[in-house]
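J.: Single-letter residue listing:
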Amino acid sequence: MDKIGTILRKEWACFTGSEKGVFVVYAVLVCIWSFLPRYNAVNGSGLMSAIWWMSLSVIVSSSFANSVFVAERISGSMEILLTCGFSRNAVVLGKTAFVVLVSAGLGVLCSLLSLAWPVGSLQPFLVRSLLSGMLLYMGGAFMGAAAGAWMSIHFSSPRIMPFANLFLVVLVCSLYYGAAQFISLQEWVLFLLTVAAGSAFLWRAIKDFHGEKVIAPVDL
Amino acid sequence: MNVANSIFGMGAGTPPVSWSHCAHYNLPQPRGSITHFYMLMPHTTVQVEGLYKSFGTHAIFENAGLVLESGTVFGLVGLNGSGKTTFIRLLLGLLKPSGGVARVLGFDPWIHKPEYYRRLGVILEHDGFAGNLTVARNLRLFADAKGIPWKQVEAYVDEHWNTTFIHGELRKAATKVKYLSRGQKMQCGICRAFLSWPDAYFFDEPTVALDVDAIDHFYSLVRTARSRGATVLISSHQLPAIEELCDGVGMLHNRRISIITTGGRTKTGSWLVRCASDEKYRTIIEEACGFPAEHYNNAWHFPVARPEAVIPAMISALVQAGCEISEVCPDSDSIKDRMRIISKDAKGS
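So the sequence lines, in the order shown, correspond to chains A and B. Residue numbers are given in this note's numbering: position 154 of the first sequence equals residue 154, and the series is strictly consecutive. Residue numbers are given in this note's numbering: position 39 of the second sequence equals residue 259, and the series is strictly consecutive.
Incorrect hints may appear among the rest.
To be verified - Stretches of chain B that chain A covers, calculated by requiring three or more beta carbons in the stretch to come under 8 angstroms of a beta carbon on chain A:
1. 314–326
2. 332–339
3. 350–363
None of these hints come from the bench; they were simulated from the model. Backbone N, C-alpha and C fix where the C-beta goes; we use that ideal spot for every residue, glycine too.
Bound conformation, chain B alone (with noise of 0.2 angstroms):
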């Protein structure tokens, strides 16, 4: 069992998906001290551990993990009713989970602290202005919310959005939201979410409705957000959006996030192992590999921090408990791919 596991107390059941947490290997001797790993540990920022969610009967979340740390950027894809804005709904306290631990910034999200939620950057999929308001005086009511003073406002419009209608809006307040069209709205979402730049963002489809200069300073303000150190979730199906910002990227399958790639620390690469989808034979790669594996197309894939060492001990492993190998190789599917792929399993079941 890896440290990361032992921390986690995860040693039985799936870890929890962090696509840094594996940056203990880079650390000095002793490897394995708990608290030696804690000090050294990045800060985490998301921390969700065996989380269940159901609607009733319907399951949405099964055992479900993810440990995101401070300065990255967090991509999470999956189909239509996967449960990508349930899951940010959890993260937000909107949703209360049925088991299992989500902790954001310290807090449970549950318990509703304005602390949190002064802490948050958020969009989701309705603007959330008031339309009766014109877009300065529903900024005000946002900065009122949390604790921002005006001035500070206007600095933050005035070096950030100064070339966006945004900058002009706030000087006159003229327009009232309703006025807006769809894509004006969603860049007033964005200027609300980094208002102060706070430690954590959660968006739901950021980008949909944007024009191409929008998007690309909505890019900007997120690289931006990640250089001080925050943590940003993306949930889209925007998958170029995706691929070009995101440092690791997860997949919302089974009730479960797999993780398709990591970047920055502890940059992964994903690979496949092609052979039956025994369960026991799940265990043994999450358990080399430190993150969850997948099953479909016929092959087990999941990321791996350090392919040289741990996948020769990982293919001992299977072949010692029975495992009938035909292929190991990278796994050099897209994100797009992937989903097409299973998509395809999924009606095929």
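The shape of chain A in the complex, shown without the other chains (with noise of 0.2 angstroms):
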């Protein structure tokens, strides 16, 4: 386990590391995405809320599997890390623990962003509001996480990898919503549904790390 830190550790480095290009494009997205949390929080929550933080979590954790799955093969430093002596499970299980607290990280920020925007008066149904879609928001960041572990080593060119994410995540509340039109179905359902699906993948992933495909060539 405290592999899982060190790896998890690593990957925070490296983010905060980054350019300072990156830490703008992700507080432009996060302060847009802001507003809908707070139409909520004023008008009630709608339909849409859903989706407004599924979306999200899907854009933000697809990045994030990108940069923490994908650009290590790229650049041929998953061999690396995979000889050193991390178990394989460790690098599978940090990287998409790192990519699942930083999107819940971004949402949270989004949430709190939302009760500054100076736009009509809260109302009670607001923590109620805001706990709901954080918890969407946490299953899709977990499933859109877990997915960008499986595809990234299924997926021999990273550039659809967003895209399939986001297909994912249609399908998921898809189903979710379908079934919603002949039977009562609370909003934790689809929350149990992402996380189902995250597992899943998680597992796969895990599965896969053990195998050749991990090192194949990427292509560009």
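Got two chains here, separate frames each, mind docking them using the hints?
T.: This is the structure in structure tokens:
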């Protein structure tokens, strides 16, 4: 478990060592995305809220998954990482944990920023709306991170990874909202769906990290 | 069949290549006792037997073998695409053998045990450093992976890298790796590989982009590792480095590893027998000398530890098998000459 922490710290150090432009892009993204939670806090949560949060989770987690999984393969450093004493499970879990935690951090920032927008007056359902949105966001981030880990091995081109992740989220949301037309479903069911899908992807990713494909060449 | 072959159970096929397995010739009697041999045999670090590897229908290795013992430096040469990097990746557990056995330090590399990797020093094609991190931060990461205390890393750098830029980097931790030159990154990779002096080293083109001082420094580190009883496998196209540094040299050719020279405890010479390329002659030669033989330039080439004893018996066996021999002599071709001949043969065929 301590090696998972080491991988996590390594990824965090790599992220914080990035160029300033990276932080600007994420700051702008968080600012823009914080509008809807504020809107919901003022006017009441709507159907779009879940999709809004899920979309953000996909964008953020795909982006981070790309940088920690795919970039490592492109630079060739994955081979060294796998042969320097870390267990392969620690590498997958540490990187996935990093993507989930950083995505979660951005989600929390987004929620907090939504409180600061000078639009309308806050309603009593604010906390419930934010928590519900954050829950979905976390589920989406976990699914995006785990799917990113798996896709980074199976897709020879990293370019299609964000689109594949987006497709996955649309698929899960469609399943949920389709079923919701016939039976009464709470939003936590959608959260459970994303967690279940994320767990399945993570299990497959751990298995595939023990295979040969993890060092296969990447198309740029 | 010699003792080494019976030990490894390779009587009918290609014997595993061992540049020092003939050490048992110098052992006290009784020879041939398996238990006795095992007790006195130098510690085997790398043991590859009957290795097969293919990508789809394209075979890279067929029945390849190699045995390396502790305290040796072995060079692996070959033409482009002959499988040098693939061989190292197989030993590192990055690729799975299609058949055969590969063991390093008693581990099956494909099991991916962290304990195995902590006993290895590795240099691969890419430096493997996180570009956004400083040299010191990168080294700390790899030290953590191997469970090496930071103080030990500092002591190691102080002792062995005090004349290089790495020493300064460790103290001020200023430069991100992405701003280093290719040669400096390679030096950092070498520094990482020798951290805590592992038991086995696998180097793929370790001297690429190094300046003369860095190359000399690398040589001295390899020699220190050897004196500590480690096994070093170097794959390179830099033939002067191979010839200067290695006790034994093998060439990857025709999906097998042919031994060119051996040294150390079982110094061998390289010989050639000029005759037809019949496979039955290969069997006779390999059984006699204990190493794989390679046919090119109209002759069988093979290493032999005690030519005065082996060659007459081999010639006698070949003649009895109907072989018409036109020449038997020590093989004076350098590694470079051999590679040129093999390259020419390959283009011709």
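J.: Closer than 8 angstroms Cβ to Cβ for three or more residues is the test here. Does the region 314–326 of chain B pass it with chain A?
T.: holds (count 3)
J.: Taking a Cβ-Cβ distance under 8 angstroms as contact, does the region 350–363 of chain B have three or more residues in contact with chain A?
T.: holds (count 7)
J.: Using a Cβ cutoff of 8 angstroms, are there at least 3 residues of the region 332–339 of chain B near chain A, or does the coverage claim fail?
T.: Coverage by chain A holds for the region 332–339 of chain B (4 residues, Cβ < 8 angstroms).
In this structure, every one of the numbered hints holds.
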